[in-house]
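Student: From first to last, the protein sequence lines are chains A and B.
Sequential numbering of the first sequence, starting at 1, is according to our numbering.
Sequential numbering of the second sequence, starting at 1001, is according to our numbering.
In case anyone wonders, no lab produced these hints; they're calculated from the structure.
Model, not experiment: these values are computed from the prediction.
By construction, the Cβ of each residue, glycine as well, lies at the ideal position given by its N, Cα and C atoms.
Treat the hints with care, since some could be wrong.
What the hints assert, rightly or not - Listed below are several chain A residues computed to face chain B (Cβ distance under 8 Å; list not exhaustive):
| # | residue |
| --- | --- |
| 1 | G136 |
| 2 | Y305 |
| 3 | C324 |
| 4 | L421 |
Number of protein chains: 2
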Amino acid sequence: MDDVNVGLVGLGNVGMGTVGILAETGEQIALKLGFRLNVRAVCSRHADLKTLPAGLGPVFRTNDWRELVSHPEVDIVAELVGGTSTAREIIDAAIAHRKSLVTANKELMALCGAEIWDSAIGAGINLAMEASVCGGIPIHAVLREGISGDRITALLGILNGTSNYILTEIESKGGNFDAVLQEAQRLGYAEADPTADIDGYDARSKLAILAALAFGEKITPSDIFTQGIRRISPVDFDYAHRLGYTIRLICAARQTPAGLILSVRPSLVSNSTILAGVQGSYNAVWVRGAYGQDTFYYGRGAGPYPTGVAVVSDLMRVAREIRCGSPERVSPFAHERLGEYRPIPVTLQASPYYLRFRVCDRPGIIAALSGILADKRISLDAVLQLPCDTKHDLPFVITVEPTSEQAIREAVEKMSTLDFLREPPLALPMEGSV
Amino acid sequence: MDDVNVGLVGLGNVGMGTVGILAETGEQIALKLGFRLNVRAVCSRHADLKTLPAGLGPVFRTNDWRELVSHPEVDIVAELVGGTSTAREIIDAAIAHRKSLVTANKELMALCGAEIWDSAIGAGINLAMEASVCGGIPIHAVLREGISGDRITALLGILNGTSNYILTEIESKGGNFDAVLQEAQRLGYAEADPTADIDGYDARSKLAILAALAFGEKITPSDIFTQGIRRISPVDFDYAHRLGYTIRLICAARQTPAGLILSVRPSLVSNSTILAGVQGSYNAVWVRGAYGQDTFYYGRGAGPYPTGVAVVSDLMRVAREIRCGSPERVSPFAHERLGEYRPIPVTLQASPYYLRFRVCDRPGIIAALSGILADKRISLDAVLQLPCDTKHDLPFVITVEPTSEQAIREAVEKMSTLDFLREPPLALPMEGSV
């Protein structure tokens, strides 16, 4: 059968990882597909200066992506530049040229995935985006193929490796947030501007894509309630451990009678769940189905080679479909058919909560706090105070029985005016299971 | 687009689970596929007596699978009868009738998967077998699509739910093996004849399929070194926990310079690995790739609905391929191309070992045992003895540094003649990671 030719736009970490895998495993890929997959063209700002691995055959190099997209021998364009402006132009141009597409672009697919997929179907090309979420975890193949026969009721993920690395460092070494973040930046685990990672926006884009695939609704990332990890301190892990929990940045999507509830926020996670074992920069996704019950997927969230595997697997899939003459027919962003997403306020969701206070000790504190909880009809579960050598900045914890986020917010707002508090209370939901 | 019609042979647990899901999610499936998937015919010994769920439309019922396979309106045959004789006839007949196939048959696919796949390709039909291994875990979609671009170097699995249930019951409740097995049989978690599960043969068939998919070699199940869990006792968990490990029935496939080494046997698994957290009847697969590094997959191993999800997902996949006119072109049992499996003796593999003895206490025991280890050039790592109130049947443990299975076997054989031993030593490999 004829070879299939690939053009890669973007030779950063993921691009070079992808080219490396294609160069080293060309024989294996040809055996698995029944034909060869060639890197026929590459584009980057300094494409002529990049050292490509041996064994690729003749490669057309350019720093103008238009030349690559319109190259007559390129069958599949791999968009590996990221961002939403040039990337969108590349994708639109590829579709206009009837080139099939593989993309690793989470931000763009979270924002415009449904639209891009519709134009791909209109143009009769193939499109794949495994690398856009959780690089090393084949979660797209799982949701689109592996468990497509199930009806998913909930999906929980640890989708940002940087924040999971920071949280597990605080957990294991006890450093405070700022010190651990600085060390992570020094080691290259966190960006110079860490906002997207630690404030939850990166995770939010990924959740938007996964929830769209899992529930068939069109999701606007900015509709998702998002809270970062800046306020998590070593003392929170001490209390969480005492309660049989740990703390992770949890991306959650749950089907409820009111509709789909989405959130990204640090949460207590029971040690009895397999999600609690996710350490360092690993990512994980836990899916609950109405029929298949719980399944769990775990792997590297990023990195040139793990993400490169996702790109190469997608290239193989698209190449196979091209050779079979089988273009995309149904969008995985099935919003028009499975339902339009109505953003349901996270405030409707009920769960047990962990409330951590830092107070200047004096009589009457518990009475004041428990009075406010009682006013909001919130049932107190436990009061926990670990030994502490100061009375001026004393942390302690109240856990409460399942209650709505709305009631918790109102209680926290009212508590924040109390003069013995050194900072507003920290309220985290407690996840026993999906 | 035209509907696709399914005929199911076998209305046992998996068959009824499959029919139930198809009846309840027909609309969702039609939206995902762009056409309907109908149950057009069913076959079982007493098909006329089975109560099928409402909403299926007209269903042809027969107790003769030949009538179903040759039914002109059946596009896909789902073989859900199990076993290797009638199932093989059904599959051969379906292929002869140019019907596409979905099978949940692990034993048959482990024995004859490569051959069946070749005849399916020859006949130009589609074939899928997600349900044949780890019912609820979409491991086929992962290996065939999701991480197809990686080069897998090792695969470790907990593939038998019954034995994992028994081991975790012994671990958590401390009962001895026979008592726990009886209780499991009473509760329906173990069969009246439990041999296939507890002696590792069921797990062996599953490993044969997964290793074939992961490494592209043709594997004969009986070539796989297989050892069951009958000798594991509560005291082994006490010692394992003291060492920071637990015990699981581990199916392992590792690519080594000598070739692929396969084994099914109880092993110590470090608590620092996510594999150690697999409880009860759950299944799990851990894959290490040269590029994607570690990924991990977890879910229900069996059950009418989890396995039904795998069958329905396969039916959707095959239906999509039929409608695209894209028959199977490359077998996942790629033995002729990726390599012929030469069974490598497990005795070549090196790892640390746990050796548990039950002795009648007297002076000189450690000297005798450590002398034999020294003779075989095996380095002793630790000697461990938990408190015990009898000297007549005293368990204790020696752990040794990485050594070959061959050396351990020779040492164990020599030790077995020592008159202070109450039973032959139990030797288990210790898995720190994949």
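Student: So, for every hint listed, does it hold in this structure?
Tutor: Quick rundown of the hints versus the structure:
{"no.": "1", "hint": "G136", "result": "holds (5 Å)"}
{"no.": "2", "hint": "Y305", "result": "holds (4 Å)"}
{"no.": "3", "hint": "C324", "result": "holds (4 Å)"}
{"no.": "4", "hint": "L421", "result": "violated (38 Å)"}
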